[in-house]
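Given chain A's structure and the hints, the job is docking chain B onto it.
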Amino acid sequence: MKVALETNQLMAFAMKQIEPHVVAAYPITPSTEVVQEFSQYVANGDVRTEFVAVESEHSAMSACLAASLAGARVMTATASQGLAFMWEMLHIASASRAPIVTIVANRALSAPINIHGDHSDAMGARDTGWIQLWAESAQEAYDNVIQAIRIGEDPRVRFPVLVNYDGFTTSHAVETVEVLEDEEVRKFIGSFPRPEVNFLNIEKPASFGVLALQDYYMEFKRAQAEAYKNVKPVVLEVAEAYAKLTGRKYGLIEEYKLEDADVVLVAMNSAAGTAKETVDKLRQAGKKVGVLKIRLFRPFPIEEVASALKGAKAVVVMDRAYTYGGPAGPLFCDIAAALTNVAQRPLLGNVVAGLGGRDITMEHVEHMFNLGYKALERGSFEPLVTWVGVRE
Amino acid sequence: MLEVRWHGRAGQGVKTAAYLLAEAAMDTGKYIQAFPEYGAERSGAPIAAFTRIDDNPIRIHYGIRNPDVVVVVDESLIGAMDVTAGLKNNGVLLINSAQDPSFYKSKLGDFQGRVATVDATKIALETIGRPIPNIPIMGALLKVTGVVSLDDLEPRLRHKFSAKFSQEVVEGNVKALRRGFEEVKVL
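Protein chains in written order, with my numbering: chain A, 15 to 406; chain B, 8 to 194.
These are calculated hints, taken from the structure and not from any lab test. Glycine is no exception: its CB is placed at the ideal position from the N, C-alpha and C atoms. No false leads were mixed into what you were given.
Distance windows between CB atoms, simulated:
hint, chain 1, residue 1, chain 2, residue 2, range
1, B, ARG72, A, PHE65, 36 to 44 Å
2, A, GLU192, B, LYS95, 28 to 36 Å
3, A, PRO219, B, GLY18, 58 to 66 Å
A few chain A residues that face chain B, going by a derived Cβ cut-off under 8 Å, partial list only:
hint, residue
4, LYS16
5, THR183
6, HIS186
7, ALA187
8, VAL188
9, GLU189
10, THR190
11, SER284
12, GLY287
13, THR288
14, GLU291
15, ASP373
16, MET376
So here's chain A without its partners, still in its complex pose (with noise of 0.2 Å):
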């Protein structure tokens, strides 16, 4: 079925069919209509969710850490500063193992205040634990949050997830969607499957929220950090199953043109649709580049990445955010890392753009190529990092 809604509002739709047992949210532009619609379903008895209202993203997040650890499914969305406010329990949801969705449409950060769409809000949560998944149009927003529910709760996996996508230019953007059926959404996600060990169950007494010290913290971080390697294969096989269900088909990265490409743009979210038809045009002009979007950014793919990667002669990493004070922008950093291993190094270059719902245009995308284009001259990118579309 075909449907033209707000992505916000798709969102809602999503969790509508997902219908969790327990929401706990507190509403913030431009996730703001997912939660209001979804509490609108609530009330009209669409589904039985629990719906929480609390008094902030602090609290949604406490809210929805213990309704997980009850052994309930849980989903909650926010964005920007309400991420920001979430941290501290972030991580404790994903060292706790807490399968929560969160649904972000990424927005900036303060200050100066802005509502618009970036990624900065996503990439302070990056080292939180948190499998992240994103997305390039409303489509693929739908499609990950129904996945993100399977991946996060697989017991081979049991982490949360944060289901991106860009802040008002997708959040408030409506899109030709194909969405599936209530019905083929339940079997698909299947019953939550409940842990044994849950704080609601008197049969099997555990411990929550406990103390390790130098004795055996590091164990525990140890374990957490070696439970990630399952995650890759699982977003793979639900992919599998998704594209069964539906003919479209999800990896942890997409190539796009990569075969023979010299100049690769990296890109995620919504910027990456406009590099694929920039792609389009300039391949029409000869000239061979491609686009490397990276869908699953947590766990980061580092073997997809460096195989994708490893033939190309210059790479323009796009970062919609800033590590301030740092060598590059967050996601440079990771490709870079990625690289890391392979003998035969591309140039790697960093280009920042859009930031506070900045317009990134097809114009500024073919400057990031020329930018590639140039390194390949000079044989480096100099300076590493550009900022484009900016006034300086």
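Same frame as chain A, but now just chain B:
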């Protein structure tokens, strides 16, 4: 791909119009994208909205820079901002105005495209009793561009508005749509 850029003021149904056109086009099997440009939200503030329609999936994600069609829902914006910025030279400029299109055409220099006007506010007042010009100007847009037929748009309009408004308001809007279609003047 057809790209339509809408200019108006908050409260005039600009976003609704941009979405409605996209939805109707989707019903005819096209791929669509529509979104408003959000600034500070307050009634009366200038706003823009965008509609893209194509036979293929739409992959670009940014505001429309070189529209095929510019729809000016509020005439008072002309002069206050450059509503024709980037308008394709063979494109369409449609203005909610009681003026004849020649009044504007003469001001547009070497613009090769078509200029159209319709008194959408007057039609709105006469059909729905409120100065919300979005639907009459939509009728005019359909006539000038032919992107979607009246018959294709009307069911979407009824569907969309029935959820929010009384039967009387819905019928008033359908009438407004048809009158906009009939009364638009093109040069």
